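As a plain string of letters, each chain reads:
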Amino acid sequence: MTSEVLTAYRRPLPLRRGLELVVREVRTESLGVCSVVLERESRGPLPEYVPGSHVLVECAAPTGTTVNAYSLTGSGNSPVDYAISVQFRAGGTGGSAFIHGLVPGDRVQVSLPRNGFAPTATATHHVLVAGGIGITPVLSHAEAAVRWGRPFTVLYGYRDGSAPHLERMRRLCGERLVECVGREALARQLTESLRRQPMGTHLYVCGSGSLTDATLQTARDFGWPEGRLHHEVFDTVALDPGEPFTVRLARSGGELPVPSGVSLLEALEVEGIGVPNLCRQGVCGECRLSVTAGTPVHRDSFLSPAEKSSNTCLMPCVSRSEGPILEVDL
Amino acid sequence: MSIDAPSHLDLPEHVRRFPFPFPHDRYMYSVNVEPGRNPSQTAAGRWGERILEVDGFYLQDLEARAAVLDRDPSRAAQMSHMRPGVWGALHLVLTELAVTYPEWMAYERHGDRCRWTNRLQQLQTDFIVGADYSLPEGPLRFLSTQVQDDFALLNLREGALWLDAGVITFAADWSMGFDVGLPFSEIHGPVPRAADLGVIDRAEQFLLNLQPGDPYRRTNWTMTVDRRMDTSTESYPEWAQDRSLVVTDPALPDRLHLRVEVQHLIKVPTTGDLLFLVRTHLLSLRELAAVPAWGRRLAEVLRTLPEDLADYKGIARYRDAAARWLQEADAA
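Chains as they are written, first to last, in the numbering used here: chain A, 14 to 343; chain B, 374 to 705.
It is possible that some hints are incorrect.
Computed footprint of chain B on chain A; a stretch qualifies when at least three of its residues, placed anywhere within it, have a C-beta under 8 angstroms from a C-beta of chain B [as the list claims (entries may be wrong)]:
hint: 1; stretch: 82-92
hint: 2; stretch: 120-130
hint: 3; stretch: 293-306
Incomplete in silico selection of chain A near chain B, CB under 10 angstroms [as the list claims (entries may be wrong)]:
hint: 4; residue: P27
hint: 5; residue: R29
hint: 6; residue: E33
hint: 7; residue: Y62
hint: 8; residue: S66
hint: 9; residue: T133
hint: 10; residue: G236
hint: 11; residue: G240
By construction, these hints were calculated from the structure, which means they are not laboratory data. Quick caveat, the model's predicted, so the values are computed rather than measured. For every residue, glycine included, the Cβ atom is placed at its ideal position computed from N, Cα and C.
Could you put together the complete structure from these sequences and hints?
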């Protein structure tokens, strides 16, 4: 699955801290879907990942660079390559066209694997629902479930003639795979399956927005608790690089630029102005600064709502400025 | 502000590497987390460049742990759903050890087949990731024989963290057997003030957002009589009375130790479980006073520590005696 997460491009932190990989193989998976296998130039081991993880991929499109999230299709155990499968979308921002245009030897910047769709260790059973290209994280789940002997069932809905990874799923899952050709068949199977599941079953769904909504609604109608329903969420919060602004130092009188994608704390450090800090994620409270003019955009979880609305302090490791200038007590 | 004479080069290694935990004269709970591998300068030296620290106490600490586990196997616990997490943690720790100490340790992995070499223990062993039988004592216990750190694995589900596996032999007055299977928030229920300060909620939120490959660490502290590593709730009858006896003992500065835990928090890449490593360092008051800035700082911390925190840490009986000795040593 894919989702566009950014249009006006500045290389965000997860990509700056990511990996430059080389395309080893490109193959057609099914109608309109290609798989790309990426590896290190050295062919050495890559970071392991939780089943259902995705990577952010920097896609150079004619209209500008975008960042798309694509699920990894392996189990995550001791990988030497990262494989993604991408559906071509004519009306998109060019991300899928970029992926489809890759050839072996091309270099691609990707983030480290991220996860918002992990299996539940205590589940007695996993029901994994996939629609079309939504099979990619489900494939990853199934690989890991087979490896660790976790009970699961896959409901795979696809259009006739367009079922990415179908053969691999059949070999991997055997009778645990239920195939549904077409939307209506999948809907009937969902009703059938979600009506009777053992206690402690967790439901995972990946597909179009409408399939996800319909699946979750069916489960709710049968009384499934919210805590057992999971759908793929691409984590985009950490991506927002924020607007550039200028910080004015009230006591020393200087002014410094804080570019987009650089935190206020980093901008101060670059100029040799150290602020005591620990977590650099807006939770510990150590780097708190007093604000003497301007309005902060608070992005931390340390300050109380009252402190935030008072506009008199901010955590420079994550928070920024609403306007072009912010004055702090330094 | 006075400057300590640059005599710290003469200090023993374990003093120079001691993770002195007090940035201020007054101590209060906070979410004192910082990125792992950050070197931290102290008045006597520095620490923190590595996640796993193998030092002169390596074999001694591991022997002590084995003895505790023989006496009380309940210090090692694992819920059945944690098999993948335990294997993931073992792989992570062995990889880290081999990278940090290539002169002593080597780790080779081909698919799931692994070979681990530890020259400090004259050990070489082959095993298969995922096959519990391939390590005689199983992956959980085996991990506890390779690092001085105690460790716990927290599973993330239903938006919370659950302590579902670990080997805790050097606990500072808590019980693995009691806490296993509990969520993070309940485990920290007894910590005075922390919940009201919002520290527990914020810490859990922070841990939930942690990404693999981003190790973090924090320190915690208490005090211990003698170089006793096992001060768990289970062994309370063995050490509790020393806390009163030490007050009038002329050997107090040698018996009483500042006990610092360096705790690392690392996501297990294959499962998303949180690996919580706890490495315990002990330094006697006399060793500590050899670094004047440390002696003065600890005396201040002990003098001003609120009563409820002193009670919770179990140091209320002797903290005044300790602060007095440190002040006298500083004046001398």
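Hints breached by this structure: Per hint list: 5, 6 and 10 violated.
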